[in-house]
Amino acid sequence: MTCSDVQRVLPELLDGAPDGAFQTDFDTHVKSCPACSELVSDLKLISSEARQLAATEEPAPRVWVRIAAELRAEGLIREPQSAPTRPILIPTSPRRRWSAWWLVPVAAALLAAGSYVVSHKPAPQVAKQQAPATSVTSAVPETPAVTSPSVPTSAPQQLAQKSAQPTDIVGPAVGPAVEPAPSAEDQQFLSVVSTRAPSMRATYENQLQAVNADIRETQAYVDRNPGDADARQHLMDAYQQKALLYQIALDRIQ
Amino acid sequence: MTDPKQRITEAEAIEQAKQGHEAAFEVLYHLHKRRVYSLCLRMVSNPAQAEDLAQEAFLQLFRKISTFRGESAFSTWLHRMTVNVVLMQLRKKGLPVVSLEETLDADDEAPRKEFGTKDVRLTGSIDRLQLQRAIDRLPPGYRTVFVLHDIEGFEHNEIAEIVGCSIGNSKSQLHKARLKLRDYLKFMRAEKAKTG
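Protein chains in written order, with numbering that gives the first Met the number 0: chain A, 0 to 253; chain B, 0 to 195.
None of the hints are false.
Cross-link-like lysine-lysine pairs, in silico, DSSO-like; alpha carbons within 30 angstroms at most:
no., chain 1, residue 1, chain 2, residue 2
1, B, K32, A, K43
2, B, K63, B, K32
3, B, K191, A, K43
4, B, K63, B, K91
Away from chain B, derived, C-beta distances all over 12 angstroms, residues of chain A:
no., residue
5, T1
6, C32
7, A180
8, L189
9, N211
FYI, nobody ran anything at the bench for these hints, they're computed from the structure.
Cβ coordinates follow ideal geometry from the N, Cα and C atoms, glycine included.
Hey, can you work out the whole structure from these sequences and the hints?
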């Protein structure tokens with residue numbers, strides 16, 4: 000075995016189970032070659048010393064406090080007796096059925112838009128110039144991906160198309176960072192929240208701003224780097240977060 | 000504050016968290032907080048930022064917990080989410096984050112080796128601070144695999160699932176990370192020897 004051979008098999012042999020085919024030759028060469036012996040020794044030392052950096056610190060208690068506060072504010076922490084026994088997307092009260100049903104296709108459109116953006120990789124020049132408009136507005140499906148059987152399709156389609164307009168979630172970052180105005184759908188959403196659960200408006204408004212900012216920034220990054228599959232997945236996750244926000248609100252304000 | 004002592008299993012906590020039980024969320028948080036925070040801290044080297052990233056990872060996880068079906072281990076799912084949150088944060092900061100499926104052959108990020116490093120040996124122990132500084136210099140892709148394997152103790156099959164690469168690629172990236180760290184550490188020692 001030569002030094003080059005040692006370099007080639009090191010990734011397999013350094014940590015893994017001894018491989019009879021190479022192990023003997025490997026051990027023989029390392030014992031007789033000072034350079035390879037030093038290399039193997041150094042790499043093992045680095046690996047063993049690194050273990051000392053393992054989880055010795057804990058996050059401050061405030062981290063859990065913030066997480067719990069956010070979960071409560073979003074309605075993810077619920078009292079046991081009020082835990083939902085029905086699927087989130089199906090309204091229970093006929094009297095309130097039409098008050099926020101439009102959130103269902105909006106949430107579905109957000110998921111569909113995210114899926115389209117992730118699955119369709121635009122050419123770089125197109126991505127920089129047109130991706131926001133083409134990737135989002137054309138993502139609206141003929142029928143929403145997730146709907147309640149009671150939801151008609153014509154009006155939701157119009158609302159879903161409007162919600163998919165990239166007025167607040169697209170565009171590469173240029174110039175100073177200015178918070179864009181909420182979209183018509185976000186404004187309508189917040190208006191319903193203000194009416195049904197006024198104490199929650201600030202929470203959802205802040206969350207919408209955060210998730211819209213995340214979508215904007217990630218979309219800008221994806222426009223510049225259309226080949227980055229991980230970033231596209233993150234963009235999908237961001238759309239999912241926004242859809243979850245709508246769904247959680249729907250469940251809360253019914 | 001709810002007693003965080005673990006009186007239920009992780010599987011039970013997951014099911015109760017799906018129902019919105021605060022104590023269940025807390026159990027899951029305390030079970031995994033150290034590893035998640037440690038991963039974030041080793042990746043960004045900033046405690047405040049690491050806390051924010053850990054918080055975001057847990058929040059994203061808890062929002063999606065109703066979708067967890069047990070196809071993979073819960074910790075794998077959580078750490079995958081954590082890695083994604085951290086790497087996206089690094090991307091937004093403008094740091095190059097190369098997909099782990101790409102092979103990095105260029106040695107342009109390693110310090111020049113000709114300044115006496117040939118004679119520098121890494122014998123004995125390695126200064127913990129120097130090691131962390133060397134880790135900070137690693138490209139994010141290498142850093143991720145190194146932190147997950149050598150610091151946090153994940154196996155290559157788990158790393159492959161967390162970061163979405165092959166087992167062979169995970170081993171290759173780890174090896175390259177260690178080689179780069181060796182170069183960085185030798186360079187630091189050489190510099191220190193020069194300055195006395």
